[in-house]
Amino acid sequence: DAKTTQPNSMESNEEEPVHLPCNHSTISGTDYIHWYRQLPSQGPEYVIHGLTSNVNNRMASLAIAEDRKSSTLILHRATLRDAAVYYCILRDHGSGNTGKLIFGQGTTLQVKP
Amino acid sequence: KAGVTQTPRYLIKTRGQQVTLSCSPISGHRSVSWYQQTPGQGLQFLFEYFSETQRNKGNFPGRFSGRQFSNSRSEMNVSTLELGDSALYLCASSLGIYDLVNFGPGTRLTVT
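These protein sequence lines map, in sequence, to chains G and R. The numbering of the first sequence is our numbering, which starts it at 1 and goes up by one. The numbering of the second sequence is our numbering, which starts it at 1 and goes up by one.
Calculated directly from the structure, the hints in this document are not laboratory data. Since the model is a prediction, treat every value here as computed from it, not as a measurement. Incorrect hints may appear among the rest.
Stated by the list, open to error - Computed spacing ranges between beta-carbons, pair by pair:
1) R:8 with G:40: 17 to 27 Å
2) R:7 with G:77: 32 to 42 Å
3) R:112 with G:65: 44 to 54 Å
4) G:105 with R:61: 18 to 28 Å
5) G:40 with R:86: 15 to 25 Å
6) G:49 with R:16: 35 to 45 Å
7) R:40 with G:39: 12 to 22 Å
8) G:77 with R:2: 37 to 47 Å
9) R:77 with G:59: 32 to 42 Å
10) G:79 with R:20: 44 to 54 Å
11) G:65 with R:80: 14 to 24 Å
Unchecked claim - To spell it out: a stretch of chain G is covered by chain R in this simulated footprint if at least three of its residues, at any positions, have a beta carbon under 8 Å from a beta carbon of chain R; those stretches are:
12) 12-20
13) 103-111
We put the beta carbon where it would ideally sit given N, CA and C, even for glycine.
Okay, chain G solo, but in the shape it has when bound:
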């Protein structure tokens, strides 16, 4: 299973943009990049995912490097509710795999008022 590397923690000020990096140098051609976040005392929730192109949704944007060996989750205006652990996950959709999620340690995001 391909692995991801994320910083253990990051801090941001409220209403400022946040860029959460993720390295995945061993990514394969069939791996999708998924981001989930886990708020305190809750199960993880889906944030965004992509394969090659940059993606946007109502929650965030995902910028994927051209060689796909790294990606960045962008929260455009952090709020206190965005304080959570963010997980960058590679999900293999090929080779007969079932697409199980392999979680790393994630990045704990603190948002200061």
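Mind docking chain R on chain G? Use the hints.
Relative to the frame of chain G, chain R by itself:
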């Protein structure tokens, strides 16, 4: 649509006992997976079921087992509980194997 529901939400058991946790997926979802979350090991994949068949299994001892019923509801069982089994057990469901995964709130198991 109702989200993934898990019962019970909290559970206290004694070493050596067994426990069964239940998960009801989102209506229409046929894939159910289970994860264990501990402070030391983080989130670890336990197993995944699709249409009542186990499709994938994580690296856990045989004391951990699961099953899925024809209505997609799933249960996981842990026999001969150990202190190290204390964890948050998360169930997740998706339409199909490769679709987006929705997690439940988890069952907090404490083994004393």
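A quick look at each hint next to the structure:
no. : hint                        : verdict
1   : R:8 with G:40: 17 to 27 Å   : holds (20 Å)
2   : R:7 with G:77: 32 to 42 Å   : holds (37 Å)
3   : R:112 with G:65: 44 to 54 Å : holds (48 Å)
4   : G:105 with R:61: 18 to 28 Å : holds (23 Å)
5   : G:40 with R:86: 15 to 25 Å  : holds (18 Å)
6   : G:49 with R:16: 35 to 45 Å  : holds (42 Å)
7   : R:40 with G:39: 12 to 22 Å  : holds (21 Å)
8   : G:77 with R:2: 37 to 47 Å   : violated (30 Å)
9   : R:77 with G:59: 32 to 42 Å  : holds (36 Å)
10  : G:79 with R:20: 44 to 54 Å  : violated (39 Å)
11  : G:65 with R:80: 14 to 24 Å  : violated (47 Å)
12  : 12-20                       : violated (count 0)
13  : 103-111                     : holds (count 4)
Violated hints, listed in ascending order, are 8, 10, 11 and 12; each of the other numbered hints is respected by the structure.
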